[in-house]
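Going line by line, the protein sequences match chains A and B.
All you need for the working numbering is the position in the first sequence, starting with 1, plus 216.
All you need for the working numbering is the position in the second sequence, starting with 1, plus 294.
Hints may be right or wrong, so weigh each one.
Result set (EDC-like, lysine to aspartate or glutamate): computed pairs, CA atoms no more than 16 Å apart in a straight line [unchecked claim]:
1) A:379 - B:305
2) A:335 - A:304
3) A:335 - A:283
4) A:379 - B:301
5) A:335 - A:247
6) A:379 - A:276
Pulled a few chain A residues facing chain B out of the computed Cβ check, cut under 7 Å [said to hold, decoys possible]:
7) 236
8) 377
9) 387
10) 390
These are calculated hints, taken from the structure and not from any lab test.
Glycine is no exception: its CB is placed at the ideal position from the N, C-alpha and C atoms.
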Amino acid sequence: MVVTGAAQGLGRAFAEHAAREGAAVVVNDVEGELAEAVAAGIRGFGGRASASVRSVAAPEQAAAVIEDCLAAFGKVDGLVNNPGLRHESPLADEDPARLKELIEVNVLGTFHCAINAAKVMRPGSSMVNLGSVSMVGQPGVTAYSASKGAVASMTVGWAVELKSRGIRVNAICPVAVTRMGPGGDPPEKSHRS
Amino acid sequence: MTHLLSDESADVTGQLIRFANGRLFVIRQMGPKEDVAEFGALGGALEAPPAQRWL
Ligand SMILES: NC(=O)c1ccc[n+]([C@@H]2O[C@H](COP(=O)([O-])OP(=O)(O)OC[C@H]3O[C@@H](n4cnc5c(N)ncnc54)[C@H](O)[C@@H]3O)[C@@H](O)[C@H]2O)c1
Numbered sequence: 217m218v219v220t221g222a223a224q225g226l227g228r229a230f231a232e233h234a235a236r237e238g239a240a241v242v243v244n245d246v247e248g249e250l251a252e253a254v255a256a257g258i259r260g261f262g263g264r265a266s267a268s269v270r271s272v273a274a275p276e277q278a279a280a281v282i283e284d285c286l287a288a289f290g291k292v293d294g295l296v297n298n299p300g301l302r303h304e305s306p307l308a309d310e311d312p313a314r315l316k317e318l319i320e321v322n323v324l325g326t327f328h329c330a331i332n333a334a335k336v337m338r339p340g341s342s343m344v345n346l347g348s349v350s351m352v353g354q355p356g357v358t359a360y361s362a363s364k365g366a367v368a369s370m371t372v373g374w375a376v377e378l379k380s381r382g383i384r385v386n387a388i389c390p391v392a393v394t395r396m397g398p399g400g401d402p403p404e405k406s407h408r409s
Numbered sequence: 295m296t297h298l299l300s301d302e303s304a305d306v307t308g309q310l311i312r313f314a315n316g317r318l319f320v321i322r323q324m325g326p327k328e329d330v331a332e333f334g335a336l337g338g339a340l341e342a343p344p345a346q347r348w349l
């Protein structure tokens, strides 16, 4: 299986937990050293893992993440679409470049990985997308909440579409006291929806 | 999450679930609570929503 954005935070926890349950895990992230360390840690407790240092925001790199899983483990029967950028901004101050970057990771990155996974997944496979209860619209965080609204919509649409192929698609909307990666919220603001 | 990826959840699909404070919730986007107008009363100003659009 593939866990994207798995070098730290929830993605790392998902990858390690799945590996302890017996899954062979591709640990994807843009943070190369951290991703390698997570994969090495999994191998250290007897699990199966390899790192895949690529950005899901780029279509060809997302395709390569899925290819990495096929090359390392022969199949892709699980995908956790985990990376998420988040920033706070009043609407009038929203920076178009930052907005675009967020959508490219949270929405398009999820799309790119799902597209490539859907090409190779067999019946019994599963995708899990990371959503957020802020999907209904949260003032001051609208880029993030809009992206999670898209993830919710994609999840339901893909679930119905892929049901006939025996592929499940679900989303989780966690509450976790984690700090998002570099450039994210300071720890005191890290309790998110 | 592991459960959703496992064989035990073979029929579980399309769910949006929330983990919070050690509890698991099934959540959805907000849906309509009550009607606010009859379509006919709007004088055809709106396009009629075809039922099949909301599968
Ligand atoms: N932590 C919470 O309380 C919370 C609440 C609700 C939803 N979520 C969602 O859960 C997910 C994980 O959150 P987190 O707090 O663990 O985040 P995090 O910032 O701790 O980790 C995200 C990881 O994704 C990686 N990443 C960023 N851009 C990437 C890209 N283009 N390609 C590959 N990897 C990339 C980062 O390097 C980082 O390692 C996110 O989607 C987030 O929106 C988190």
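Violated constraints from the hint list, given by number and in increasing order: Failing hints, ascending: 2, 5, 6, 7 and 8.
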